[in-house]
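Residue numbers (the numbering used here), protein chains in the order written: chain L, 1 to 194; chain U, 1 to 196.
One or more of the hints may lead you astray.
What the hints assert, rightly or not - Here chain U is said to cover these stretches of chain L; the calculated rule only asks that three of the stretch's residues, wherever they fall, bring their Cβ under 8 angstroms from a Cβ of chain U:
no., stretch
1, 24–34
2, 94–108
3, 111–122
4, 134–140
As the list claims (entries may be wrong) - Distance condition first, Cα-Cα at most 25 angstroms in a straight line; then the derived DSS-like pairs of lysine-lysine:
no., chain 1, residue 1, chain 2, residue 2
5, L, Lys113, U, Lys162
6, U, Lys34, U, Lys129
7, U, Lys195, U, Lys34
8, U, Lys129, L, Lys113
9, U, Lys108, U, Lys162
10, U, Lys159, L, Lys37
11, U, Lys108, U, Lys34
12, U, Lys89, U, Lys129
Hint data in this document are derived by calculation from the structure and do not stem from the laboratory.
Yeah, the Cβ is synthetic: ideal placement off N, Cα and C, and Gly gets one too.
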Amino acid sequence: MSKAREVKSSQRSVASTGKAGVRYRQEALEAFYDGFKAAGIDFAVFLPDSMLDGVEQLMIERGGIDIYECSREDEGIAMAMGAFLVGKHPVALMEGSGIGLSALILARGIVQKTPILLVAGHNSTLGERYDYHGATRMVTEPVLRALDIPFHVLFDPADIRRVIAEAHATVVGQRIPVGILLPSHVIREIGEGR
Amino acid sequence: MNRTDVLRYIAGLRNGDPMIISPGLANYTIAEAKDEPLTIYNMELPYTTPMALGIALGWPERRVIAIEGDGSLLSGLGVLSTVARYQPKNLLIFVFDNGAYLTTGSGKAPTATLFGTDIEQLGRAAGMKNTRTVHDLDTAKDVVDAAFAQPGPWLVVAKVDKQDRPAERGAHSLPMYVYEAGLVFHRAALQERSKK
Numbered sequence: 001m002s003k004a005r006e007v008k009s010s011q012r013s014v015a016s017t018g019k020a021g022v023r024y025r026q027e028a029l030e031a032f033y034d035g036f037k038a039a040g041i042d043f044a045v046f047l048p049d050s051m052l053d054g055v056e057q058l059m060i061e062r063g064g065i066d067i068y069e070c071s072r073e074d075e076g077i078a079m080a081m082g083a084f085l086v087g088k089h090p091v092a093l094m095e096g097s098g099i100g101l102s103a104l105i106l107a108r109g110i111v112q113k114t115p116i117l118l119v120a121g122h123n124s125t126l127g128e129r130y131d132y133h134g135a136t137r138m139v140t141e142p143v144l145r146a147l148d149i150p151f152h153v154l155f156d157p158a159d160i161r162r163v164i165a166e167a168h169a170t171v172v173g174q175r176i177p178v179g180i181l182l183p184s185h186v187i188r189e190i191g192e193g194r
Numbered sequence: 001m002n003r004t005d006v007l008r009y010i011a012g013l014r015n016g017d018p019m020i021i022s023p024g025l026a027n028y029t030i031a032e033a034k035d036e037p038l039t040i041y042n043m044e045l046p047y048t049t050p051m052a053l054g055i056a057l058g059w060p061e062r063r064v065i066a067i068e069g070d071g072s073l074l075s076g077l078g079v080l081s082t083v084a085r086y087q088p089k090n091l092l093i094f095v096f097d098n099g100a101y102l103t104t105g106s107g108k109a110p111t112a113t114l115f116g117t118d119i120e121q122l123g124r125a126a127g128m129k130n131t132r133t134v135h136d137l138d139t140a141k142d143v144v145d146a147a148f149a150q151p152g153p154w155l156v157v158a159k160v161d162k163q164d165r166p167a168e169r170g171a172h173s174l175p176m177y178v179y180e181a182g183l184v185f186h187r188a189a190l191q192e193r194s195k196k
């Protein structure tokens, strides 16, 4: 049984951020941080977004992983690729729309054998309530498919650590980028308007 | 001032430093001067400085060089704000500003610098402190010396002519394919870091 499953509901705490009052599933945030650490992730880039902000803020708070904020997701992916080139194990965190911005640099990473782990909020199917997520929903998975980048859509917070470990193993072993996509229910409290 | 003269001067000081080079003729000059394993040639247009920044942050003990053109840097200006935010002392950005997309077709298509865009000022507005624009070779050499000797990050804009295009174009080939470059660079970096 994964550690995430061992967290009892009574032990849950919630991180609230920003005016929107977003409530994250604390065990999911912890699982991301612990999963990154366990997998050997030591370098992270991110462009803040509402889905992954809780993870990013926890990473900043806990430390132990060098984390940098970029001005655009494709820039951040290039930064992470640079870090990989010198021996780091990077992850790039972003909203799914960032994948849409990043086709060229991801393709370069494939051609140049310089991979990274991608974690992106949003997906094509689950939990996209708002029309303004329409474009994001349309570009995330199609860009990954177009570049033949393997990705996994997380459904259960209990799988977070294992998926991170196995995805990172593929990044290192195959020297290809791998994506982990995150529907909102995995990381936010159920029933919350989002 | 000709680009090749400045590039050869930089190559002479480089001493194997990691380098990312934007698309264009600079690749051939650097490769001809000395091919080094810690080199990525012909990076995609907006990603030269971002990748160099990632290297600089991931390997703070090592000086890292980005070779940009005016067109390539203008295609991804946001990175200057990221450089300014993290202030990596080991990052040197050299921009060769000839006012044109020189490697395209006729080479006559102008960049915005021909109409007043000032790359050094863009860097300063982003928050970079060590910035210079140089117009002649002697000054360029002095500023390059300073950039290699003093903590960065540095943004050096060299205003260069277009005279190298006919001589350089097609005259050389690069020493490796892109698909080799990531492996060679990665292996060399790991080897070097494992010795320390």
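Checked hints:
Residues of the stretch 24–34 of chain L with a Cβ under 8 angstroms from some Cβ of chain U number 0, which does not satisfy the need for three, so the listed coverage is violated. Coverage of the stretch 94–108 of chain L by chain U holds [criterion: at least 3 residues with CB-CB distance below 8 angstroms; count 3]. Residues of the stretch 111–122 of chain L lying with their CB closer than 8 angstroms to a CB of chain U number 4, which satisfies the three-residue condition for coverage. For the stretch 134–140 of chain L, the stated coverage by chain U is not satisfied: 0 residues place a CB nearer than 8 angstroms to a CB of that chain, which falls below the threshold of 3.
With a C-alpha separation of about 34 angstroms, the suggested pairing of Lys113/L with Lys162/U is violated against the 25 angstroms cut-off. The straight-line distance between the Cα atoms of Lys34/U and Lys129/U is roughly 31 angstroms, outside the 25 angstroms bound, and the hint therefore fails. With a CA separation close to 23 angstroms, the supplied pair Lys195/U and Lys34/U stays within the 25 angstroms bound. Note on Lys129/U and Lys113/L: the hinted pairing is violated, with a Cα-Cα distance of about 34 angstroms set against a maximum of 25 angstroms.
Of the supplied pair hints, the one linking Lys108/U and Lys162/U holds, its CA atoms being roughly 10 angstroms apart against a limit of 25 angstroms. Pair hint Lys159/U plus Lys37/L does not hold up; C-alpha atoms about 46 angstroms apart against a cutoff of 25 angstroms. A distance of roughly 30 angstroms separates the Cα atoms of Lys108/U and Lys34/U; the hinted pair therefore is violated under the 25 angstroms criterion. As the CA atoms of Lys89/U and Lys129/U are separated by approximately 11 angstroms, the hinted pair is consistent with the 25 angstroms bound.
In terms of the numbered hints stated before, the structure departs from hints 1, 4, 5, 6, 8, 10 and 11, listed from lowest to highest.
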